[in-house]
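Engineer: Listed here are the chains, written in short residue letters.
2 protein chains.
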Amino acid sequence: MTGTVYLVGAGPGAADLLTLRAARLLGEADIVFHDALVPAAILVLAARAEKVAVGKRSGRHSTAQRFINKQLADAAGKYAVVVRLKGGDPMLFGRAHEELSYLRARGVRVEVVPGVTAALAAAAEMGVSLTRRGAARSVTFVTPRQGAGEAPNHWLRAVLAADTAVLYMGAGDAAAISAALIAAGKPAHTPVAVAASVSLPEARTAYGTLAEMAQLVGRVGGAPALMLIGEIYGRALDKAVQPERCAIG
Amino acid sequence: MTGTVYLVGAGPGAADLLTLRAARLLGEADIVFHDALVPAAILVLAARAEKVAVGKRSGRHSTAQRFINKQLADAAGKYAVVVRLKGGDPMLFGRAHEELSYLRARGVRVEVVPGVTAALAAAAEMGVSLTRRGAARSVTFVTPRQGAGEAPNHWLRAVLAADTAVLYMGAGDAAAISAALIAAGKPAHTPVAVAASVSLPEARTAYGTLAEMAQLVGRVGGAPALMLIGEIYGRALDKAVQPERCAIG
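As you go down the protein sequences, you meet chains A and B in turn.
Residue numbers are given in the numbering used here: position 36 of the first sequence equals residue 36, and the series is strictly consecutive.
Residue numbers are given in the numbering used here: position 141 of the second sequence equals residue 141, and the series is strictly consecutive.
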């Protein structure tokens, strides 16, 4: 093996929210394996690289992941600079663990390049801090998708205990998620924001309450979208900071 | 007012972990107000800007914050591009809320540029995902510092409920924090990692248990340091991925 595999965060979507290191590695890459959702404006930075889309199809996760792992190891045998480009940050819901584990077990050199995760870009765009002195001292990032062998609704506990919660990869199940949270004791009137296409020109955000979460997802155009839950999204807390509720659609 | 104030995330420390947007804005800036901890290798990108360090001294937070707010508003009256450069990401424990609120109330145009937060860079450096299918579906970022009017130990709840917890700005009180968590029911043998100078050449990481957390902080050279708590930092979970326990100091 002569090559190095770089697991690189592509950031939230806007090309200029890549890190300098990520942009440099894309420019040097011989081959780039990228998530299907990484925008063309980012891929164009990998000018000399072969580009391979490795988007996972739902319901076929593990097969696809094993195939990606093998492709990465094979590429490291042929190329000096192999980039695995993942939306957001690789170490947060990015399944980097499987790839790291597989590659290291085969003696392939791997480095991880962190990226701007969507929740931080959404907070920047909305102008609402995820944490705020006196209102939110903790923020939880969680995915409500249930994995094999996991207790159902394990994720609920973390959302209930945090001042602010950001739900990744759950917008398709917004109605069930909102119902489960309300049944578990989260007040139906808890303020919520839903953000889609974060950092891109077509970015859309909608504000409302936990009870309305599924409608809010609909108003921003459906999944994928981030769902952000917490008092900091309420108007009452600070009119100067809270953006106007959008009239979308 | 003619200028725009950009609240910009400087990332975890390494200059090439700035975003392309942050680097461009530093190059265009007329004046940069920066946290005391932002490295010189980043400030040098603001070639034509006046640089003003606005590090807060402990115990004088609110006075200092009010002064920073006023400096930013005054600068926006004189300069086109005013950058407020903050370590990590501005919307996560960055006190951006106070600055946004103050500037908007005065009609100053403000934009926020997200950054790579230290927890993600630490995860990249350690090669240990913050989330992992089947082991960690939620990660909580929390600061154990108590604000005025806040219930004592409010932060404990969020840490107890999360699969992985990252504690910002708490390493100076590591002994008390570890004791409080154990008293609240978190097992003393819960795996812990402590990371200092994340992403810089002098980066140091130590692994151990919750009961040993204060010693681990000592082993990486003391505060500031991130404290990361969760089963994913245990060796047993995956020997292939977990790095060697460092022999530091």
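One or more hints might be untrue.
Unchecked claim - Reference listing, derived: stretches of chain B covered by chain A, where coverage requires no fewer than 3 residues with Cβ under 8 Å from a Cβ of chain A: (1) 19-33; (2) 77-91; (3) 96-107; (4) 115-124; (5) 127-141; (6) 161-168.
Stated by the list, open to error - What follows is a set of in silico ranges between Cβ atoms, one per label pair, in the way DEER data are often shown: (7) A:GLU111 - B:ALA223: 47 to 57 Å; (8) B:ALA223 - A:GLY55: 16 to 26 Å; (9) B:GLN71 - A:ARG66: 27 to 37 Å; (10) A:ALA64 - B:ASN153: 21 to 31 Å; (11) B:ALA179 - A:MET169: 31 to 41 Å.
The hints are simulated quantities; they were obtained by calculation from the structure and are not laboratory data.
Virtual Cβ for every residue (Gly too), placed ideally from N, Cα, C.
Engineer: Which constraints among the numbered hints does this structure fail? Numbers only, ascending.
Structural biologist: Going through the list in order, the structure violates hints 7, 8, 9, 10 and respects the others.
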